[in-house]
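Visitor: Chains as they are written, first to last, in my numbering: chain A, 1 to 279; chain B, 1 to 264.
Some hints could be false.
[Claimed, not checked] The following label-pair restraints were derived from C-beta to C-beta distances: (1) A/T185 / B/L243: 54 to 64 Å; (2) A/T251 / B/A156: 51 to 61 Å; (3) A/G70 / B/G103: 39 to 49 Å; (4) A/T251 / B/K2: 51 to 61 Å; (5) A/H202 / B/Y90: 36 to 46 Å.
If you are wondering where the hints come from, they were derived from the structure by calculation, not from laboratory data.
All C-beta atoms in this analysis are idealised placements derived from N, C-alpha and C, irrespective of residue type, glycine included.
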Amino acid sequence: MTTSPSQPAVEIRDLHKSFGPLEVLKGIDFEVGHGEVVCVIGPSGSGKSTLLRCVNLLEEPTAGRIWVNGTEMTDPDVEIDAVRRGIGMVFQSFNLFPHLTVLDNLTIAQRRVLRRGRAEAERVARANLDRVGLSDKAAAFPAQLSGGQQQRVAIARSLSMDPELMLFDEPTSALDPELVGDVLTVMRKLAEDGMTMMVVTHEMAFARDVADRVVFMDGGVVVEQGPPDEVLGAPRHERTRSFLSRVLDPTHVAQLGRPGETAEPPEAPGLPADDRHQL
Amino acid sequence: MKLRRRQRERLSLWLQYLAFVAVIAVVVLAADWGRLREAFFRVDIIESMFPTVITVALRNTILYTLGAFAFGLVFGTILALMRLSRVAPYRWVATAYIELFRGLPALLVLFLVGYGIPIAFPEREIPGGVFGSIAIGLGLTAAAYMAETIRAGIQAVPKGQMEAARTLGMSHFTAMRTIVIPQAFRIVIPPLTNELILLTKDSSLAYVLGVTAQTIEVTKFGRDTLNDRVNATPLLVAGLTYLVITLPLSQVVRRLELRYAKAR
């Protein structure tokens, strides 16, 4: 895979995705530069996970084109297994292989896909376990680890394939609150090391501190994007504002959905009536 | 007089014990133990059956069972993968096969294999002779059952496992072989062990292929001895011999199921 500096790490043009009659992505145009960290935020059902899963073709786009590091993913003849080697992915539910030890989780794809020898694969695996702070867990089975540890192993598993791009699909959403920090710390370190990252997340603090760019999606379109200060600090769009007020002040806005309740959220005075149904 | 709750419960419990003991007492007292022993427990006949019942009959029963199980497992796995295939004709063939062979008596299939194949291919022989015929004959039926079990096991492995494997660059085939199928087999070990127990008993159908003194298995050996001695003792010996195999197997299944309940 050749990577020319002129091409972005990820380029998406007019991406559409439907599940049966339901159109989830309604024309996305989007780029991620090399070494850039992009956080995608938005309400559930906004299509942000689907967008991420389209990037490595876990979901087949209905229309539109996607390039990753200059390779067109939407080319019907793309060598998908070869391209995916360069794209790491971390799932909300970890998806570690429960029948393998932590070390084997990290070596199996190196050996079967990259054809690395056992010694080489284990050396890479241990280096990456060390990177996520779990070098003492090599012999453990996934079920013996906490959720936070499992997710860090999952990150190390992806890193063992030396990816050029990492996709994170709500990596902390399934974790107990006190375990979120460890995973975010690993991700922050990864960002500082210059990894290109596309992160779907609800962690606004992470987006604000680590992201180079924040993308707000709603209803299958990109509503607005820009530096975190702008999108999170001074959103231009009504939908972004109402989403942020719901995320950042959930107890207040939760009352809105009650029948007979007429109060408008102070943060979003002009909330249109049709948007209120989605609350 | 009205009984209190605890008294009522105690009374009910005692009545149940009493009924149980009464039934057993009637059976024990009414049976003619002398004649029973004469018909089913002649020590001299039991002694005469050893060691052949173990060295030949039990050994052959185990061999036939394992042969049929191995054939059924391999073929059943292929059928399961065909049922899940993207190639529609594979799915049709596998579904038709499973429906057909689950509906046919194992005896009939064994008969068709044992006598049908030699007629169809006169110049060829089934490898392994009687052993091969039994392994294939019983395995064909077992494969139909195992295919459904294995398919269910594969589908019970969470979708995320395949996604994670594909994301790491594995092909569908490699992901199936190294990630999904190993997990599926852990899930289906208990039902497959049940299949093994059923096959152990089905191996008694080998007699339709005309077994010899060397290829005889437990049930046929019991019946032959019964005919020789005009006494039913050999049936008791044969029955107990099966239990030597099936009881430990049942225990293994129970253990595995327990371990599984803990892991999930």
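Visitor: Can you give the numbers of the hints that this structure goes against, from lowest to highest?
Guide: 2, 3
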